[in-house]
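Chemist: In case you want the letters, here they are:
4 protein chains.
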Amino acid sequence: MTDAAADATDAYSYLGPAGTFTEAALKQVPDAAGHPWNPVNNVGEALADVTSGRAVAAMIAIENSIEGGVSATQDALATVPGLRIVGEYLVPVNFVLVARPGTTLADVRTVNAHPVAYAQTHGWLERELPGHAHVPSSSNVQAAASLFENDVADAAVAPPGIDAHHPVDVLATGIGDNPNAVTRFVLVSRSRAIPPRTGADKTSLIVELPDDEPGSLLAMLEQFSTRGVNMSLLESRPIGDALGRYRFVVDLDGHIEDERVADALLGLRRFSPNVIFLGSYPRADKQPNEYHSKYDDAVYVEARDWLRGLLSGEPEA
Amino acid sequence: MTDAAADATDAYSYLGPAGTFTEAALKQVPDAAGHPWNPVNNVGEALADVTSGRAVAAMIAIENSIEGGVSATQDALATVPGLRIVGEYLVPVNFVLVARPGTTLADVRTVNAHPVAYAQTHGWLERELPGHAHVPSSSNVQAAASLFENDVADAAVAPPGIDAHHPVDVLATGIGDNPNAVTRFVLVSRSRAIPPRTGADKTSLIVELPDDEPGSLLAMLEQFSTRGVNMSLLESRPIGDALGRYRFVVDLDGHIEDERVADALLGLRRFSPNVIFLGSYPRADKQPNEYHSKYDDAVYVEARDWLRGLLSGEPEA
Amino acid sequence: MTDAAADATDAYSYLGPAGTFTEAALKQVPDAAGHPWNPVNNVGEALADVTSGRAVAAMIAIENSIEGGVSATQDALATVPGLRIVGEYLVPVNFVLVARPGTTLADVRTVNAHPVAYAQTHGWLERELPGHAHVPSSSNVQAAASLFENDVADAAVAPPGIDAHHPVDVLATGIGDNPNAVTRFVLVSRSRAIPPRTGADKTSLIVELPDDEPGSLLAMLEQFSTRGVNMSLLESRPIGDALGRYRFVVDLDGHIEDERVADALLGLRRFSPNVIFLGSYPRADKQPNEYHSKYDDAVYVEARDWLRGLLSGEPEA
Amino acid sequence: MTDAAADATDAYSYLGPAGTFTEAALKQVPDAAGHPWNPVNNVGEALADVTSGRAVAAMIAIENSIEGGVSATQDALATVPGLRIVGEYLVPVNFVLVARPGTTLADVRTVNAHPVAYAQTHGWLERELPGHAHVPSSSNVQAAASLFENDVADAAVAPPGIDAHHPVDVLATGIGDNPNAVTRFVLVSRSRAIPPRTGADKTSLIVELPDDEPGSLLAMLEQFSTRGVNMSLLESRPIGDALGRYRFVVDLDGHIEDERVADALLGLRRFSPNVIFLGSYPRADKQPNEYHSKYDDAVYVEARDWLRGLLSGEPEA
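Protein chains in written order, with full-length UniProt numbering: chain A, 1 to 317; chain B, 1 to 317; chain C, 1 to 317; chain D, 1 to 317.
Warning: the hint list may mix true and false statements.
Pairs involving identical chains hold if they fit within one copy or between any two copies, as the list cannot separate such chains.
The calculated lysine to aspartate or glutamate pairs, modelled on DMTMM-like cross-linking and capped at a C-alpha distance of 20 Å, are [as the list claims (entries may be wrong)]:
| hint | residue 1 | residue 2 |
| --- | --- | --- |
| 1 | Lys294 | Glu222 |
| 2 | Lys294 | Glu259 |
| 3 | Lys294 | Asp151 |
| 4 | Lys27 | Glu257 |
| 5 | Lys294 | Asp211 |
| 6 | Lys294 | Glu257 |
| 7 | Lys294 | Glu208 |
| 8 | Lys286 | Asp31 |
| 9 | Lys294 | Asp305 |
| 10 | Lys286 | Glu257 |
Just so you know, these hints were derived from the structure itself, not from any lab.
Based on the sequences and whatever the hints tell you, model everything.
Modeler: Right, here's the structure in full:
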């Protein structure tokens with residue numbers, strides 16, 4: 001949170017500074033245009049802005065196609081109450097190598113890089129800068145900014161477009177080891193209103209299993225499979241009190257207003273000692289949810305009508 | 001249906017004549033006292049009395065502890081529309097050997113017996129009357145009655161108490177091979193009113209599987225197991241159009257007003273191309289239904305309230 | 001068993017007399033040609049001939065497309081030790097109405113019929129002979145034979161071809177209510193040799209469940225589904241000691257020498273307190289067994305080789 | 001890899017420098033005593049030492065009770081061929097705050113800390129040093145070492161015992177937010193020999209699912225549940241080629257020489273397009289594996305003997 005935005009209850013918080021991939025994700029949000037944007041230092045600050053009311057929403061990274069789930073985000077969503085995911089955004093992830101003006105690639109001995117960025121460019125760096133040293137940085141943009149704060153490093157791994165924010169020379173572009181790398185972001189708010197169903201939706205949950213017995217995870221998955229609900233993400237995260245105790249981060253295909261999803265949520269709620277509904281929201285990839293026609297809303301409605309008829313004692317039609 | 005009772009819309013039909021095990025079952029029904037009782041010749045006639053309105057209810061055998069399910073009953077319940085099971089009754093099954101007065105055991109060469117009764121006394125008959133011949137009869141009481149219609153047989157296998165109806169000599173008692181044999185009867189009516197929940201209930205269904213693929217039976221059973229609903233009976237019956245096509249006769253522990261049973265019925269209705277609800281009614285053995293507390297009604301209600309809260313957008317309590 | 005064949009250890013037993021559907025099934029067995037054939041009175045006698053050595057094999061009915069499983073056969077296979085099914089045969093089931101010479105359809109008041117035959121022609125008889133009486137008979141052929149033993153009945157329901165065995169007039173043909181009705185027979189022997197695998201095989205089992213807990217039937221079915229083994233028959237039969245205790249008659253697609261079937265048998269044996277292998281044999285319908293290629297024998301062999309390599313400590317290829 | 005140890009084929013590699021938690025784990029390995037120890041910079045270097053033969057084994061962190069799985073380790077084990085886990089070790093994780101001699105807690109404005117250590121001491125630091133800045137470091141020991149390389153930070157978060165390696169003052173001890181935090185390490189080698197079964201063993205696997213269809217994860221878990229094999233860890237990791245494609249890191253209770261585990265591995269190998277056996281090894285916590293007696297080795301052996309008897313055609317005992 002920055003001081004200028006402290007009172008802005010319509011502000012959006014994001015991992016700053018300007019130029020980060022998170023900012024690129026926030027630029028995809030039409031509603032955010034024209035509002036104050038709070039650059040913050042980490043996920044915790046972003047979510048604190050939301051819970052405290054300093055921001056209406058925060059954009060946070062939740063998964064990277066190479067590195068996997070962002071643990072800090074997953075754990076924060078599991079433990080900070082009152083949060084809802086209201087949107088999902090994808091940002092292609094690539095990197096450039098930048099340096100103070102006048103530096104050449106041959107000069108580079110030490111490289112500033114956020115650990116995740118370093119991991120994703122490690123192949124290129126090993127090949128082009130054999131024997132280089134790595135200095136970790138707290139963000140991709142900070143890696144570049146540090147070049148002008150001290151001379152520990154000769155170059156920095158940074159996002160494309162960094163030269164709009166800092167007077168760097170770009171020594172190389174496209175240095176990511178995987179050209180298809182992408183990071184998934186979610187927009188988080190306190191709003192209890194659920195975004196309307198679009199037919200291409202995702203529902204996110206945090207689920208604890210009832211106990212450590214063999215088969216409880218299987219029983220959880222059956223809650224989905226018996227309703228034809230596909231699970232696009234399952235990640236375990238330690239609850240933190242002891243080794244071997246986990247909660248699960250789950251993404252389902254579909255919206256809470258889809259009958260099959262609502263029914264799976266009921267089953268899950270009955271089954272789990274703790275299930276957190278993080279939200280239903282449009283999928284970033286806009287791929288329509290696929291499911292067998294036997295799980296259509298109409299099938300659920302017909303079954304309920306049938307049961308109601310039985311219970312009421314009315315003759316069958 | 002007998003002519004005397006033809007117009008009696010408050011009559012009870014049963015497999016007659018007087019003295020059968022079915023009559024013994026009907027004697028267990030307090031509501032039947034004081035009403036006309038129609039003895040009929042087979043299950044088809046009994047159910048036709050009910051559907052036509054000639055009887056308010058019919059008592060029919062549905063399962064024997066030795067012989068298994070009564071196919072004619074199961075098939076009739078699957079194909080005659082509009083029937084409901086409203087009660088269950090158990091009758092211990094034992095047999096006596098009877099003959100025309102003056103006959104001794106040593107005189108007996110040929111034995112009249114309903115095929116099911118013959119099967120259940122076969123051990124005794126082989127031991128005591130080696131080399132005897134068997135003449136099949138259409139009912140246990142008719143076996144005894146035939147002794148006075150022709151002299152094809154020398155003795156008959158009949159229910160205890162038969163000497164109250166026919167002037168026979170009882171040559172031997174307790175001739176059933178299994179002293180614990182019992183037959184289960186159900187009282188069937190057209191009433192849409194479901195007997196009140198007692199906590200010791202049974203729910204009967206006929207279910208067709210969606211197709212012949214591996215796993216559809218498994219999927220059906222999961223509808224029960226994921227709700228903690230125990231199944232006390234599963235019998236397959238041919239649909240009749242081709243070898244290998246079956247419907248299933250299912251008894252569940254519990255009442256349609258039990259949340260877990262209702263939810264299983266919903267799942268089943270969505271899953272199956274054809275599911276027939278035959279009724280919820282008190283168990284004859286009065287054993288309270290057992291289930292894990294995680295399937296309590298309150299758990300279902302709480303989950304529904306939770307879902308409703310999420311959908312309404314209200315803050316969580 | 002007839003006296004003539006008493007010592008014939010190469011005889012075949014079947015439900016007689018000549019002219020029954022069972023005989024028609026036996027005629028389909030090439031190996032039976034030229035051997036003595038023992039007509040017997042019931043399944044028990046047929047199997048006793050096999051276990052005592054009076055016959056090398058017995059042909060017995062096991063399922064009818066209309067009436068379902070033949071309980072006496074299923075129970076005998078579950079309780080008589082040392083039997084194996086070595087072949088399966090299908091016989092179309094249809095009926096004719098026959099009478100003593102000179103009788104016309106208009107003369108018929110009472111009909112001799114085996115109860116199963118009566119059930120399968122009941123619609124025709126009700127339509128063509130309204131108000132007729134039924135006298136049960138112990139076999140389809142005996143129904144016709146009785147016409148010449150007494151005059152209780154005016155006509156008999158009998159198999160086509162009965163006029164080759166008895167001097168009857170055929171009053172009507174094709175009187176079965178379902179023209180596609182078929183009965184499935186099995187040939188049973190004491191041989192431990194398993195018929196060779198043909199790719200269109202069936203494997204028959206009797207299985208008891210470990211206990212009465214919810215889910216044990218589900219666990220049994222998972223033994224098949226996790227190996228891609230299709231189940232073509234599942235019938236419950238009372239064990240007989242108490243209501244609610246069942247064993248299961250199971251037919252699987254495939255042969256014990258199919259890896260997936262063998263593996264399912266292993267799983268079943270470990271799971272069940274009592275599993276009886278009744279045999280693997282060619283299917284009567286000669287339909288090749290279908291299964292997903294992921295359950296090919298080669299997949300099982302490769303996995304075993306892999307495991308063996310791991311256990312031996314050899315480097316992977 | 002350090003130059004001194006370059007040729008030591010009996011060396012052990014670990015994340016250095018001396019004083020790290022990884023070194024503490026290596027000290028628990030009796031076989032490592034008296035051998036050269038190679039301090040390396042990251043997991044990749046440690047495993048490269050093993051695959052190249054520069055080390056016989058490497059100690060690497062695989063999971064932290066607070067932070068969860070170590071992604072770099074999991075991904076390396078999934079992609080570097082020929083590695084085996086041969087031992088598991090637990091190290092309690094706690095931290096001290098250290099500074100250059102003469103510094104007091106009141107002087108501290110900026111703190112050097114490895115990101116994971118910073119996350120685990122964040123509560124204490126926020127409370128005791130409100131408003132402090134964080135400088136990330138590449139290891140816990142390096143955080144302390146940096147104090148003597150530059151003056152960017154005033155203090156460092158470091159492991160207990162760091163004062164044996166660097167001339168620091170300890171400003172505070174026990175600053176970890178969770179006093180029960182523990183890190184799990186594994187010893188990795190190229191050896192194909194599997195450590196002997198102890199009855200308190202763990203088996204580690206990497207498994208890919210056959211496709212993205214609903215239910216494939218369920219099908220994988222059934223491979224374990226149908227054999228009574230408990231799963232103590234399940235983590236998804238992106239395969240890396242696209243969002244939504246995962247492999248799974250699995251720990252099972254038991255040893256590959258346990259029949260139930262071997263059978264589950266067979267099932268898994270048949271099911272999965274790619275399953276990597278990472279090893280069976282004694283559990284660090286020495287807790288005996290628990291399982292139902294129906295999954296005893298003897299049950300598997302008996303079933304195999306039974307099947308072999310059936311296939312051989314021998315009479316049953």
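Chemist: If a hint holds in the structure, say so; if it doesn't, say that too.
Modeler: Hints, verified against the model:
| no. | hint | verdict |
| --- | --- | --- |
| 1 | Lys294 - Glu222 | both (17 Å within a copy, 16 Å between copies) |
| 2 | Lys294 - Glu259 | within (12 Å within a copy, 23 Å between copies) |
| 3 | Lys294 - Asp151 | neither (64 Å within a copy, 59 Å between copies) |
| 4 | Lys27 - Glu257 | neither (28 Å within a copy, 53 Å between copies) |
| 5 | Lys294 - Asp211 | between (32 Å within a copy, 13 Å between copies) |
| 6 | Lys294 - Glu257 | within (17 Å within a copy, 25 Å between copies) |
| 7 | Lys294 - Glu208 | between (29 Å within a copy, 15 Å between copies) |
| 8 | Lys286 - Asp31 | within (18 Å within a copy, 56 Å between copies) |
| 9 | Lys294 - Asp305 | within (16 Å within a copy, 26 Å between copies) |
| 10 | Lys286 - Glu257 | within (17 Å within a copy, 41 Å between copies) |
The structure fails hints 3 and 4 (numbered hints given earlier, in ascending order).
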